[in-house]
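In this note's numbering, the protein residues as written are 1 to 226.
No wet-lab data here; the hints were simulated from the structure.
Heads up, a few of these hints could be off.
[As the list claims (entries may be wrong)] Simulated pairs of lysine to aspartate or glutamate, DMTMM-like, Cα-Cα distance not exceeding 20 Å: (1) Lys152 <-> Glu182; (2) Lys152 <-> Glu180; (3) Lys152 <-> Glu173; (4) Lys152 <-> Glu133.
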Amino acid sequence: MTRQAGSRQVAPLIAACRRLIDIYEVDGWWPARTRFEVMVGAVLVQNTRWANVAAAMRALRGAGALNAGVISTLDPADLAALIRPAGCQSVKTRRLQAMAAWAGGVGNLRRLAGIETVRLRHALLGVHGIGYETADAILCYAFDRQQFIADKYARTWLGRMGCVPQSVLRSYEACRHHVEGELHCERIDLPALHAAIVLHGQAICGPQPACTQCALRDQCGYFRER
DNA sequence: ACCCAGGGTCATA
DNA sequence: TATGACCATGGG
1 MTRQAGSRQV
11 APLIAACRRL
21 IDIYEVDGWW
31 PARTRFEVMV
41 GAVLVQNTRW
51 ANVAAAMRAL
61 RGAGALNAGV
71 ISTLDPADLA
81 ALIRPAGCQS
91 VKTRRLQAMA
101 AWAGGVGNLR
111 RLAGIETVRL
121 RHALLGVHGI
131 GYETADAILC
141 YAFDRQQFIA
151 DKYARTWLGR
161 MGCVPQSVLR
171 SYEACRHHVE
181 GELHCERIDL
191 PALHAAIVLH
201 GQAICGPQPA
211 CTQCALRDQC
221 GYFRER
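The task is simple: from the sequences and hints, build the whole structure.
See below:
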């Protein structure tokens, strides 16, 4: 345990999260105009760089197709052509249309604003193409919920920080549950935390990390791995 | 010519 | 329940 000067102890995980958010100061990290746009981006970005997603989103916007009504009724071949830059066209076309059909069934997505997060998450997970990570991203950035996203970046980082047992890092849900338990009531902005973790992972401690500039290098544990 | 990215589904064992 | 193939584009 680290000690806070002269006062109470703060768990390493909590301190690390606060520090990371402070360093990156992310605001409006997920660019989108509507809830539905966030959902489209969340599907398109699966295993894909954001730059490619942005190109696909521009094509969709240009075609006036960034809404549930158009996407659900568009010819699959046409939709696939529009989202081509994001890769996996046929797969993502199916997922987008399933999602658009679901959103259309809801009517206005604003109606979901009052639903309990756990129930909304369950509903999202029932939609074809939405798994744990995509659901949590949608909860964070489309519905403004405080949800921890236990993606690969997060688990790699948590592992390096050494403040989470290795056993829970293996599965998405185990990790999410653990962190949720540690952070609840801590008033840490989880959407901002995810953005900071991703930026940190991409810019500084990626697969071929160059931690020399890493502001957390003394805590990050990257060098301890060697 | 490889390798990978802000994953999920489906088929096997 | 736990792995692995598969999707497919653009950038390094």
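Results of checking the hints against the structure:
Only pairs whose Cα atoms come within 20 Å are accepted, and Lys152 paired with Glu182 is accepted, the gap being roughly 19 Å. Between the alpha carbons of Lys152 and Glu180 the distance comes to roughly 16 Å, so the proposed pair stays at or under 20 Å and holds. Proximity of Lys152 to Glu173 is assessed by CA-CA distance (about 12 Å); at most 20 Å being required, the pair is judged to hold. Simply put, Lys152 and Glu133 have alpha-carbon atoms about 10 Å apart, close enough for the 20 Å limit, and the pair holds.
Checked against the numbered hints above, the structure violates none of them.
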